[in-house]
Amino acid sequence: MDQETISQLKNIDWFDELSDDMLAGLAQKILKRTLKKDEVLFQKGDEGNSLFIINSGWVKVIARDTQGSDIVLNQVGAGEIIGEMALLDNEPRSAGVVALEKTEVLELKRVDFMEILKQQPDLALSVIRNFSSRMRYNTSYIEKITEMSKRVAKGDYSFIGETQASQKGIKQVSDQDKIGQLLAEFFAMVQGVKSREDDLKNQVEKLTLQIDESQLKEELDEITGTDFYVKLKDQAKKLREQRLDNK
Amino acid sequence: MGKIVSIHSFRGGTGKSNSTANLAAHVALAGKRVGVVDTDIQSPGIHVLFGLDESSMGKTLNDFLNGKCEIKDVAFNIGENVGSDEGRAQLAGKDIWLFPSSIRGSDISQILRKGYDVNLLNTGLQTLMKEFDLDYLFIDTHPGLNEETLLSIAISDVLIIILRPDNQDFQGTAVTVHIARSLDVPNLLLMVNKAVPGTDLDDLTKQIEAAFKTSPIGILPLNFELASNGSKDLFSLSNPEHDWSKGIRKIAEVILSIP
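Quick note, the sequences are listed as chains A and B, same order. Residue numbers for the first sequence follow the working numbering, beginning at 23 and rising by one. Residue numbers for the second sequence follow the working numbering, beginning at 876 and rising by one.
In isolation and in its complexed conformation, chain A is listed as follows (with noise of 0.2 Å):
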């Protein structure tokens, strides 16, 4: 198997601490495939039992909508990985790909993976120990967003200025960085309830309320000016004596 593949596991986040002798082995098993334009690499439900880099070329994860129509999830080009959870937890595909062109895969069997980690337990080690520092770093970001509820549920948004930066980084690292994504989400939400408060508060603030003093007499003199308002006035006072009279 050629250096461009193990380069190619290395980006994989659990493979990344591995050395290139584990790498070396691991590279042995994969199994390069071609896919045409339109060809379906898996669908929604499937046995999962694979990994998937992308070597060359597209494809896009879909999703049925209810209608039964396919919406578009994401699109995934060279290099990127998909189903890396696969290798582990062998749960149904929760998404179907299907390629946009010709695509290149390189395939990490499960079966295979296994075989390797019994054989070399360093590699279990170091598969291990990436998956705590991942859970490290989410529970980083969970109890960030714990924090930031707290803030939120006071009124206080001052945090969103300074974490914007390293929204954007989270997003950097992975489009299947899950909890990375619930940041996001999580950062688009209190904007938008700061900018519904901001703007209700400005509707409020707006009550510095202005009286246009020339339209003002403009407005009275068209309706004073008139015969008809002339003689009620004259009659105002009459009209409502009479009636007190009357009771």
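Simulated from the structure, these hints should not be mistaken for laboratory data. Just so you know, these numbers come straight off a predicted model, no measurement behind them. Any given hint could be a false lead.
[Claimed, not checked] Here are some, though not all, of the chain B residues that point toward chain A, as calculated from beta-carbon distances under 7 Å: (1) L1020; (2) I1030; (3) V1033; (4) Q1046; (5) V1050.
[Said to hold, decoys possible] Pairs of lysine-lysine, DSBU-like flavour, derived with a Cα cap of 30 Å: (6) A:K260 with B:K1088; (7) B:K934 with B:K1107; (8) B:K1081 with A:K223; (9) B:K1088 with A:K259; (10) A:K255 with B:K989; (11) A:K223 with B:K1125; (12) A:K259 with B:K947; (13) B:K1005 with A:K259; (14) A:K260 with B:K1121; (15) A:K259 with B:K1125; (16) A:K223 with B:K1121; (17) A:K223 with B:K1088; (18) B:K1081 with A:K176; (19) B:K989 with A:K253.
In this text, a Cβ means the ideal position worked out from N, Cα and C, and glycines have one as well.
Given chain A's structure and the hints, the job is docking chain B onto it.
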């Protein structure tokens, strides 16, 4: 001595009809003889709150203004026709009459086309005050300042101007306030309605005092439930604990306390 209470707002959508109907209901519940006239001939609406629809409506103000009937024939006795709605049902046996405007399109377009004698309206109002021996006559006016509205302001003992807390209503209210003072209306009351949550009430009160030289008699909150209920019943009677209802009751007490 009977009092004419006109309720006016510069623009539509201030909650004028709902406020008028609920205020009139509380005054009737206090044992007073109450009339409610819908002079919003162009866009009548208050009848709905008293359970009237096209089929149950008899003679209308339009018939009177066209010389087809006497003003007393227009009266709809609410106390004897309360229906089953929770709020309105409380008015059973009370002395409260509605004098509705026609909701038939042809009647409305006819009166808009031909016009009518504003003096006849005045005569009608004076007559019904006397014939029904009313303590209070509430007039639900058309927004803006047309002739019948000016007339109802001129003959009012109490004028309640309803405004929403925004700049457009402030400008229009300033015009009405000036007119009312120029016509020597004895009691001019400002009521703020539909204040959004978070409104600084003290600040708003100060601004109103500065702009109109009078304090608001109440700042009532935007009533989301009233808006979503489609306003078919008397809200302050069916939801007495709501802040809006409390505000209405307070204003009804102010009206009752005017000597």
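Status of the hints after comparison with the structure:
1. L1020: holds (6 Å)
2. I1030: holds (5 Å)
3. V1033: violated (11 Å)
4. Q1046: holds (6 Å)
5. V1050: Since the shortest Cβ distance to chain A is 5 Å, the answer is holds.
6. A:K260 with B:K1088: Given pair K260 of chain A, K1088 of chain B holds - Cα atoms ~26 Å apart, limit 30 Å.
7. B:K934 with B:K1107: holds (21 Å)
8. B:K1081 with A:K223: holds (19 Å)
9. B:K1088 with A:K259: Holds, at about 22 Å.
10. A:K255 with B:K989: Roughly 25 Å between the alpha carbons, so the hint for K255 of chain A and K989 of chain B holds.
11. A:K223 with B:K1125: Holds, at about 28 Å.
12. A:K259 with B:K947: holds (25 Å)
13. B:K1005 with A:K259: Holds, because 18 Å separates the two Cα atoms, which is no more than 30 Å.
14. A:K260 with B:K1121: The hint is violated at about 36 Å.
15. A:K259 with B:K1125: holds (29 Å)
16. A:K223 with B:K1121: holds (26 Å)
17. A:K223 with B:K1088: holds (26 Å)
18. B:K1081 with A:K176: holds (29 Å)
19. B:K989 with A:K253: holds (22 Å)
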